[in-house]
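Enquirer: Here is what each chain is made of, one letter per residue.
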Amino acid sequence: MSFISAAEADKNTYDVIVVGSGAAGGQTAYTLTMDGVRVLMLEAGRNYTPATETPMMQTNAEAPLRGSGTPEKPFGFWDATIDGGWDVPGEPYTSASDDPARKFVWWRSRMLGGRTNHWGRISLRNGPYDFKPYSRDGLGFDWPMSYEDLAPYYDKVEMLIGVYGANDGLENTPNSPAGVLLPPPKPRVSDLLTKQRGAKLGIPVIAGHRAVLTKPLDHTRLPKLLHPGNEKAQSILSADMQKRAACFFATPCGRGCSIRANYQSTTVHLPPALDTGNLDIVTDAMVRTVTKRPDGSAEGVIYIDRKTGAEHHVKARVVVLAASALESVRILLNSGVANSSGKVGKYIMDTVGAGFSGQVPLLENLPLHNEDGVDGLHLYSPWWLYKEQLAGKLGFARGYHIEFGGGRTMPGMGAASGLEWLNGGNYGKKFKEDARRYYGSQMWFSGRGEMIPNDDCYAELDSKVKDKFGIPVLRFHWKWSQHEIGQAAHMEKTFAELLDAMGGRYPRKPQSGDKAIKQGGIIIHEVGGAMMGDDPTKSVTNSFGQCWDMKNLFITDGATLCSNADKNPTLTIMALAWRASDRMLDLLKRKEL
Amino acid sequence: MSLDRRTTIKWMFAAAATVPSLHAIGYAPQPQARDVAANQAGYGTDPDLTKDWRPGGPWPLTLGVAARLTTAALCDLIIPADDVSPAASAVGVVDFIDEWISAPYPQQRSDREIILPGLTWIEAEAQGRFGKAFAALAQAQKEAIANDVCSPAKAAASAATAARFFAKFRDLTAGGFYTTPVGMKDIGYVGNVALAKFDGPPLAVLKKVGLA
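From first to last, the protein sequence lines stand for chains D and Z.
Position in the first sequence (first residue = 1) + 797 = the numbering used here.
Position in the second sequence (first residue = 1) + 534 = the numbering used here.
Just chain Z, same shape as in the assembly (with noise of 0.2 Å):
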């Protein structure tokens, strides 16, 4: 199968121009996100560590409703619940990616360039192969889409912008999960307690590693 097709949209840097076609095929008529205004403030060099810091307070988050659901779709894509924990949106990862993308820094424009075009496309994509939006699509439809992307070393040459955003987007997704109190527990951080002592690593550690 051929991604090129799907993917001739030029997404890189143009994913406001993709818009109308988008809207003509059925996507949310509301713009994607709301523009990171230019002279948009950041925390400062002096914030005032003991407050309650949750997305939407430092600056404004911008993803639109639609945008949201896609997100919310993908992200539960790449972490899903299971026996361990719930899926990433359940813990307010989109919240989170929302607040990532939104910020003033560099980095985080930076990575706003790869996110919300890579959102435009995977909508198109799902549009384009199913007819349906990203987050009404069955689950074996979404995976066919994120077969193609999840791999950057396997991916299509004509794949690899979207492969990029999916690991992106797959980056974000574990970071804002893992740093849950649900995510720590799930990958096994047992740690930020107080302790009276440090025992240092217990015997059937050592034994495993083959130190003891």
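Just chain D, with the same shape it has in the complex (with noise of 0.2 Å):
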């Protein structure tokens, strides 16, 4: 079983059919597999290989526009996004309202393995407060199951995809069990002086956790861990784990990783999951609906073939949507089924962003070395202020960790620019000697925090507007409350405090917080639309992602959240679709689905 097209497709049969190829559908297939499942996964993209099509080391001027981000690439020319943004030709939404602040973008790939071949690969576990906000402060949902529920299956995605980081046992900040974390990389100048400046302000500054291989996997001890009694998934997953390869420090993880040192969907659970003979993938097939059997139950899915433009109808004992959460949403909404509670593309969620640089005298001329490392958060800030938060004393209800980075990256078109803030505007030799003077001074920082759902934000079907499969699409309104832009403007001011601290210097002052705030769906953490609740009338499905109304019909992207917590959700994702996958084996087993 293999890579297969949608006309092999239709004569075979399958115990599940995934929907989508991502993190979620990834470690749904993976799971499923291992166990012997037949599983057939549908990707609205094209098929995607890493090894060959990965530009590893290739420098900016090698590229059109020295890399740039444009419409047709918005990360940049070398980010491993195909057919992918905010904008997808031919594959429009809309929004209920003309204001920019009540606009909500969506961001869609459209290849094999979506979104994690470019991913930040920031890997945070969301700690017990998390799961339980609304018990701890009035606001938003309690999520239908608790922190412990969840850890052993963080543990498991963590050993299995490989993640660096350590245990600093702070508030709400889990530590991970011994032996499952891989060592954190040595941090740079910038974020020891971040740490230590920030000491000062009381803000902890720790290693951060990102999905990428500091050094091989223990490709013995591992796969007894994470299939125990299961020699043959033992046995595949020990062969795939020695092909891939500890990050050699260089080259940004966002163009992908053709040495699998860091986590992608398609270097990490696909390719085991092949292994098994198990899986069978249609790329380039775009699901429209879900459909229903007599008795109400899920029979299969309806999708369209990009190629021929061929509608074609599979079927299985199980479906799974992992398209991403709006997606899912959208499948959903277009099929009519599991929304008896009327909760479908309610309570939608992204992450709250602001940023804000500076430079720092203290960080010029430095002796030249290699800052590359593993490219994205050495160190970061996980929130601090629980506390005061609780008392009431911030104005807002929940928290934010941040993101910062400094020194010599690969230069792109912002190497030297703007200088004029700093040298007031020249030009010649002295241009020069300013832009290695300032070149690895200039520091960023980013806030990344919880928003809370509200009723404001949902997605719905556009009575009007299809796409260019004739697909009904969604509608989004958008609404922040005060709690994410009075968080927006804390982050701000900190930042600035920052870089007071390490005697820094920045082109602007802290703005407001509705101005600082980025609009929602920038950050791309969007989830939520078919909120997880232990109540029938008032969530879509059950802690597994299973719906009510369709017991055979099974969520394990982002859709079912029921909080978005600061923490990137991905991590949280594979998690909960591994845990929801276990759950689907059992009821398999059973025979109950």
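Keep in mind the hints are simulated off the structure, nothing from the lab.
No incorrect hints appear here.
Mimicking DMTMM-like on lysine to aspartate or glutamate, the simulated pairs with C-alpha atoms at most 25 Å apart in a straight line are: (1) Lys1263(D) - Asp580(Z); (2) Lys983(D) - Asp952(D); (3) Lys1227(D) - Asp617(Z).
Work from the hints to combine the two standalone chains into their complex.
Expert: The structure is reproduced here in structure tokens:
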């Protein structure tokens, strides 16, 4: 079994259909196929082969426009995104409001592995508070599970994909068990300066957690822990782990990684799943609807073959939506299923984002050294004001973490641009001296904060607009609450204080929250829209992503999240997908699906 | 000295209209640049990342011969050769700027509306003040023109548009230059090499910053 055509898939029978091939689809297919379940995966985009398609080590001078982002490649020319961005030709969405502050923008990518090929690899666990936010402060919704329910799956995912980090034991920032995390990379000088000066402000600075192999995975120990009693799975995983190289500390992760040193579904989840012989993948398969059997259960899905335009109907015992939160919502709405609660499309969330940058004279003209490291997040700051916040001292209810960076990264168009705020504006030999002086002395800070789900943020079907396949599109409603706006203001103010503490300067003052906050959807952490819960009248699925109204329809992507903690959601999505897949295995064995 | 008299040319969105007068004072007779076609395609949403992408590949370059000479002279005024590295034009920055302003994307089309009129302006300055093409001026003459516009904060109000052009041109020149191998070496980038381990900053660096 392997990559097959739509026509071939029509002839086969499968236990489970998985819609989507990213973090959720990859994890779901991995867990199921390793346990002998026959899976058909449908991916809306084209096949993608990181081993041959990744631009490892190319410089920006080798790219058009020195690699700058364009509408066709928003994250830059070398970025591992295919047919993707906030605007995908022929695949529109609409907004209920013309007010820019109330418009949500929706990132898609159409390729095998989806956005896992280019993501930031930041892998933070939700903490105990993050599962019970309503109980803690009366806002939003509690999850129908606790941290302890998901912790074993965080362990498994971290061991499978490889996550570096350290156990700092800070509030609501869980440790991993011994032997799970890989060693973190050594901090850069800008990291250490941030840590030293952050301490004076009471801001903790600790090792980042990212899905990058800082050393090879332990291919003898880990497969036994991940697949106890399943020798075939252990042997496949052990062999595959040996094909993943450790990071060689060069070339940005966002391009993808041909040596498989970081996590992307295409290099970590799909190869062993394919090796089981239990996985077939059809690419260019744009799923339109879930179909229903006479008894009300899910029958299969209808998809459109992008290459031929032909419609195909495939069937299985179980259907899993892992198409990305809002694409799964769209499929549910277009299918008219699983929505007796009326909650499909409701409570969509993104991450709150704001950024600030400046220049630090202490970092000027440092002796030359290689600062590439593992690319992103050697250190970061987890949220640190839980007690003050709970006491109502901050004016906004949820926290954020700080991502930051500096140093001599690979020069792009910004390497010596816009220096006027530092040197007044010059040219000639003096300009060249200034370029050397300031390069590597600039630092950026990004806040990534929790958004509280609200009634003003939801998606519905547009009554008129269809995409190029004739499928009705989503129409978004969006409005930040004062909690998010207040948080964004706090971010910029804090970043300016950090720069002050480092003896730095910045080209503009911190802004008010409504100006500082990034547009909804810009951070690309969109989740929610098919919330899980304990009450079928108030939620779409149970804690296993199993739809209340359709017991053999599961959702394993971010659509089921009840809250969107400041921790980037991908690791949590994978842990939930593994847990849901274990439940499916159990129910399949008991013949309850 | 007054820039007003010489900058009465309304160049901001009317570069083409200035060509006859420049022609009359001896500026190159060919068009400054060919148009970028309204329907010019970009590299698409799925370009082959393994192929050789050099300027002129994804879309045609458009600068005329004379405009390229002006561009080269201004690039090299901003980034001249020094003891460390060569001048900008020696490492392909003119081709890069031509690629940039010939690209079909919104940012680049918008920058083109700054760069082309700016090149026309600087030639008019050269002719008006010194009676020669900009590229043919002596270093001190080039500097006399640049000194009026190189600092957005200090430039006269009447020279604000020209200063905006100069800042944009400087950013493009620097971006084009410091991304090349010699530019990266000059600015002090020593990464993008495979390492067996990552050691972090050397002790000398930590000492200088007060961290050791």
